[in-house]
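Q: Residue numbers (numbering that gives the first Met the number 0), protein chains in the order written: chain A, 0 to 145; chain B, 0 to 710; chain C, 0 to 69.
Since the hints were made in silico from the structure, they are not lab data. Among the hints, erroneous ones may be present.
Below, in silico cross-link-like pairs of lysine-lysine (DSS-like), each with a Cα-Cα straight-line distance of 25 Å or less [claimed, not checked]: (1) C/38 to B/506; (2) B/506 to C/66; (3) C/47 to B/141; (4) B/207 to C/38; (5) C/66 to B/200; (6) B/92 to B/141; (7) C/47 to B/506; (8) B/141 to C/38.
Owing to the predicted nature of the structure, the values given are computational and were not obtained by experimental measurement.
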Amino acid sequence: MMAEIVTPYTSQDLFLTRAFDDEFANQLVSRSVDGRQPFPRKIDVWWVAIVVGAAIGHRSRLPASDKLTKFNTGAILGREPWRVTNLELLALASEGEDIISKPSDVVRIGHEYAMTGLDWLADKVRGSSQPTITLMTALAEILPPK
Amino acid sequence: MQLKYAEFHNFKLLENVRLEFSTNRSLPLTVIRAENGSGKTSVLWALLWGFYGTRGLPAGAHELRLTSSAAPIDAPVDIQVIVEFERDDGHGKTAYRMIRTVQETPRGGDRFERGPVKVRLLRRTPAGLVDVDGDPEAVVAKFLPPRLKSIFFTDGDDVQRFISGESIHGRQNRVHEAIRALLGLDSLGVARDDVENVVAKLRRETAKSAGSDLESAEKHLSEITEAIATKTTELDALTERRSRIASEKAAIQKELNEVRGIGNIDEINAEIKSREGELARLESAEDAILTSMRIAINSQDASWALASESLLSGYDILNGLADRRIIPGTSIEVLTDRLDIGTCICGTDISDGQSARAHVETLRSEQRKVSESRSRQTQTFHAARMGRATYQGQLEDRTDFAHRRTELLTQYAENRDAIKNAGLRIEVLKEKRAGIDEERVRTLASRLENAERKLTDVSESIGRLEGSLADLEDRAKLATDAYEKAERASKVNQTLRTKRLVAEDLKTLISNTLSVLESQYVERVSTRMNDMFMEVVGSDPELAGAVFRRVCLSDGFDIMVHTIGDGHLDPDFEVNGASQRALTLSFIWALMEVSGQTAPRIIDTPLGMTAGGVKQRMVEAITRPPSESDPPFQVVLLLTRSELRDIETLLEQRAGATQTLSSNKDYPVDLTHDWKVEYPVIRACACNIRQFCDVCQRRYDDEHGLIARGG
Amino acid sequence: MNPILQAVVVAKQQVSDIEVRYPTYHTELVNTLVEVIQKQSEGLSDQKRRTEVSQLLDAFGSTVASKQGR
Numbered sequence: 000m001m002a003e004i005v006t007p008y009t010s011q012d013l014f015l016t017r018a019f020d021d022e023f024a025n026q027l028v029s030r031s032v033d034g035r036q037p038f039p040r041k042i043d044v045w046w047v048a049i050v051v052g053a054a055i056g057h058r059s060r061l062p063a064s065d066k067l068t069k070f071n072t073g074a075i076l077g078r079e080p081w082r083v084t085n086l087e088l089l090a091l092a093s094e095g096e097d098i099i100s101k102p103s104d105v106v107r108i109g110h111e112y113a114m115t116g117l118d119w120l121a122d123k124v125r126g127s128s129q130p131t132i133t134l135m136t137a138l139a140e141i142l143p144p145k
Numbered sequence: 000m001q002l003k004y005a006e007f008h009n010f011k012l013l014e015n016v017r018l019e020f021s022t023n024r025s026l027p028l029t030v031i032r033a034e035n036g037s038g039k040t041s042v043l044w045a046l047l048w049g050f051y052g053t054r055g056l057p058a059g060a061h062e063l064r065l066t067s068s069a070a071p072i073d074a075p076v077d078i079q080v081i082v083e084f085e086r087d088d089g090h091g092k093t094a095y096r097m098i099r100t101v102q103e104t105p106r107g108g109d110r111f112e113r114g115p116v117k118v119r120l121l122r123r124t125p126a127g128l129v130d131v132d133g134d135p136e137a138v139v140a141k142f143l144p145p146r147l148k149s150i151f152f153t154d155g156d157d158v159q160r161f162i163s164g165e166s167i168h169g170r171q172n173r174v175h176e177a178i179r180a181l182l183g184l185d186s187l188g189v190a191r192d193d194v195e196n197v198v199a200k201l202r203r204e205t206a207k208s209a210g211s212d213l214e215s216a217e218k219h220l221s222e223i224t225e226a227i228a229t230k231t232t233e234l235d236a237l238t239e240r241r242s243r244i245a246s247e248k249a250a251i252q253k254e255l256n257e258v259r260g261i262g263n264i265d266e267i268n269a270e271i272k273s274r275e276g277e278l279a280r281l282e283s284a285e286d287a288i289l290t291s292m293r294i295a296i297n298s299q300d301a302s303w304a305l306a307s308e309s310l311l312s313g314y315d316i317l318n319g320l321a322d323r324r325i326i327p328g329t330s331i332e333v334l335t336d337r338l339d340i341g342t343c344i345c346g347t348d349i350s351d352g353q354s355a356r357a358h359v360e361t362l363r364s365e366q367r368k369v370s371e372s373r374s375r376q377t378q379t380f381h382a383a384r385m386g387r388a389t390y391q392g393q394l395e396d397r398t399d400f401a402h403r404r405t406e407l408l409t410q411y412a413e414n415r416d417a418i419k420n421a422g423l424r425i426e427v428l429k430e431k432r433a434g435i436d437e438e439r440v441r442t443l444a445s446r447l448e449n450a451e452r453k454l455t456d457v458s459e460s461i462g463r464l465e466g467s468l469a470d471l472e473d474r475a476k477l478a479t480d481a482y483e484k485a486e487r488a489s490k491v492n493q494t495l496r497t498k499r500l501v502a503e504d505l506k507t508l509i510s511n512t513l514s515v516l517e518s519q520y521v522e523r524v525s526t527r528m529n530d531m532f533m534e535v536v537g538s539d540p541e542l543a544g545a546v547f548r549r550v551c552l553s554d555g556f557d558i559m560v561h562t563i564g565d566g567h568l569d570p571d572f573e574v575n576g577a578s579q580r581a582l583t584l585s586f587i588w589a590l591m592e593v594s595g596q597t598a599p600r601i602i603d604t605p606l607g608m609t610a611g612g613v614k615q616r617m618v619e620a621i622t623r624p625p626s627e628s629d630p631p632f633q634v635v636l637l638l639t640r641s642e643l644r645d646i647e648t649l650l651e652q653r654a655g656a657t658q659t660l661s662s663n664k665d666y667p668v669d670l671t672h673d674w675k676v677e678y679p680v681i682r683a684c685a686c687n688i689r690q691f692c693d694v695c696q697r698r699y700d701d702e703h704g705l706i707a708r709g710g
Numbered sequence: 000m001n002p003i004l005q006a007v008v009v010a011k012q013q014v015s016d017i018e019v020r021y022p023t024y025h026t027e028l029v030n031t032l033v034e035v036i037q038k039q040s041e042g043l044s045d046q047k048r049r050t051e052v053s054q055l056l057d058a059f060g061s062t063v064a065s066k067q068g069r
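So here's chain A without its partners, still in its complex pose (with noise of 0.2 Å):
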């Protein structure tokens, strides 16, 4: 079952913009159990990118491919198929019913999201030796009020 909600998206590529990747992926991706980094893998990055990109509420079009690097496939989201879910539900909410039947625009729009969170994300933990605090301590800019 799970297999199935992941499936169209298998085939999709992923991109990370390399200035983000080049700058930060040492200093917040690890796979190391502590805590100090705040994500075990990029496409953890990429995901919470995307969260924060709809937190916003604001989409950003993407650079030239020259500008990206492919850090993986949809098929990673294999993990946790609840972000396939989210990433459609994100895309119907932006696009309308239809979209749904097109795995690459889903992709696409999620894209879009990420490139708005990439450069919140950067803005914030950049030069901080406690990323994960800072990132924590700054998601209170962007949770909705309760």
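For chain A, the structure is supplied; the task is to place chains B and C on it using the hints.
A: Then chains B and C, alone, in the frame of chain A:
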């Protein structure tokens, strides 16, 4: 005895200085204002030299040159000290003039040559000044016994010699001596020795005249008496040694306690270890919190919390479709499950044979017919329902990401604080530990052990000696009895015998009188000393917090300080400097008053270490004019400007004479005016404590409200 | 008070512990004491003083012997 004036010529830097002393009964105080290095010590020493010669100078100063160190080499200098004083010898007042002169030639460095000293003591008669009969120094020694000079001429630190110093035994001796000398008990001691001399002589004579039996008994007795005397001296020396060791031991113990007081090193190490363990635990806790934060950021909860608006909007679109039955409200899987279970979601029985079952089965087959896109929508809708329900539930429970985030950040901050505090505490403990010098503790402990061993040894020796003395005394008694028996048995000249018995009677009388007097005097000095000390130090035994209850002289001539609650303090090192000075001055004053001695009391820097109320009361007590029935006295205080501060009014009220001493060595740093003299010298001027002049003015005098003398 | 006078006052009390050899013995003993002490203010050398004290006691002793009639 009262000083009238003193003149110093070429004694150290006192080139030509004359000092006048107050002889006014109701103004017994003379103030000599001088800064350190301006001649206070020189004046004291010059007076000591004038009266006693080099032997009168403090130990270590006997061989020092008396000329200024700036005196040119190979040029002889005539040094002279003249002191004019007055004495009441029972027949009225007689004026005397003491003149001591010597020629000294500096030979470079500390070397010098000194000619013979000339001493004259002149008495004022109607016919003019006349040399006294007899040796001038012996006469002066009777007026001012040399071994009491530290009572008459005291320098600030000397003041403490009665109560501090190397050993209790030494202190007791000094106090005992002071009492005996000042209270005329000396003469009784001398009288007793003179009579003892006669007793011994008569015994010998008796023995010789009576025959060999008596002679040998007498000899035997003499030997034992001598042995007793020798052992007694030995015992004194050992007792002195013991009290010196005891003082040493106490000092070491005190130091050891101070070092140990910092703390027990084992305890401190244990605490450090425990705190370090705590710190490690806190750091692990921090890691755990960060890991929780990471999990939270990447969770579905966070997504729903942050993107809730869009996610709910997307969900609503699907929900709308389901409402319009464009997509199935329920998924195929759920329907299949329900058919298998036999109960609908709403609770209706849909088991085999029930009419409602057909309805559900129809729903299921309809779903199968839905198009692919609808199919996808359906899938997404059903998948999203869970997430949405969870999110709503969390909002209600306040367990949503927003709350979790706040919770984790708070935990993190509190943990950080705890880490910081634990770190600080560890630092403090480590510093404390560093203060305990293990090496020093070991050294001190070993020295203490050493001292204890020596103490035990010397105590044992004392014990043995006391034993043999007791033994000897028993034998002396037996020998005396044997002698007297032999004396009676032999045909001794009875007259000779009577003479001996009478001499012995006299000796006994003198001894008994001596001890009664001593204890009477001790009591009177003790009381007077206590009254004065308590007045000065300001302790009211009734007041809470007052430390001193009473001071007194013990029978052993020890100065004892009693505290509230029946404890006592060792005046040597458990009493502070100001109180020590007050104690010693009280003792000296009590001694002088009880003995009725009118020797002058000259004190250099008496008020160092005292301030405020104690200073005021001390000066008040030592300058208070005598009552009608008391003999007159003189007190000369050599004071620096800072000692004078806060007591100017009191000093002015009591001083019958004031002068100032200054040294041109202090120009230009402290002294304002250039005397235009190429060599260092000390000069006196008539300025009192409120004045300055061209000679004595110092840089900050006008700031302290002093005014120019003579305008 | 003059220290000598003080000493005499006390001596007069202490003398009662001494055996009374004849009625006025105590008074005379105290007087002798005073004389012995006074020898110290005559400016004599130690030797001379002791000799004179010895003579003093010698004389007093003779007096006592004769008063005791033995």
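Q: If a hint holds in the structure, say so; if it does not, say that too.
A: Outcome of the hint check:
{"no.": "1", "hint": "C/38 to B/506", "verdict": "holds (16 Å)"}
{"no.": "2", "hint": "B/506 to C/66", "verdict": "holds (21 Å)"}
{"no.": "3", "hint": "C/47 to B/141", "verdict": "holds (18 Å)"}
{"no.": "4", "hint": "B/207 to C/38", "verdict": "violated (29 Å)"}
{"no.": "5", "hint": "C/66 to B/200", "verdict": "holds (23 Å)"}
{"no.": "6", "hint": "B/92 to B/141", "verdict": "holds (16 Å)"}
{"no.": "7", "hint": "C/47 to B/506", "verdict": "holds (19 Å)"}
{"no.": "8", "hint": "B/141 to C/38", "verdict": "holds (14 Å)"}
Comparing the model with each earlier hint shows a violation of hint 4 alone; every other hint is respected.
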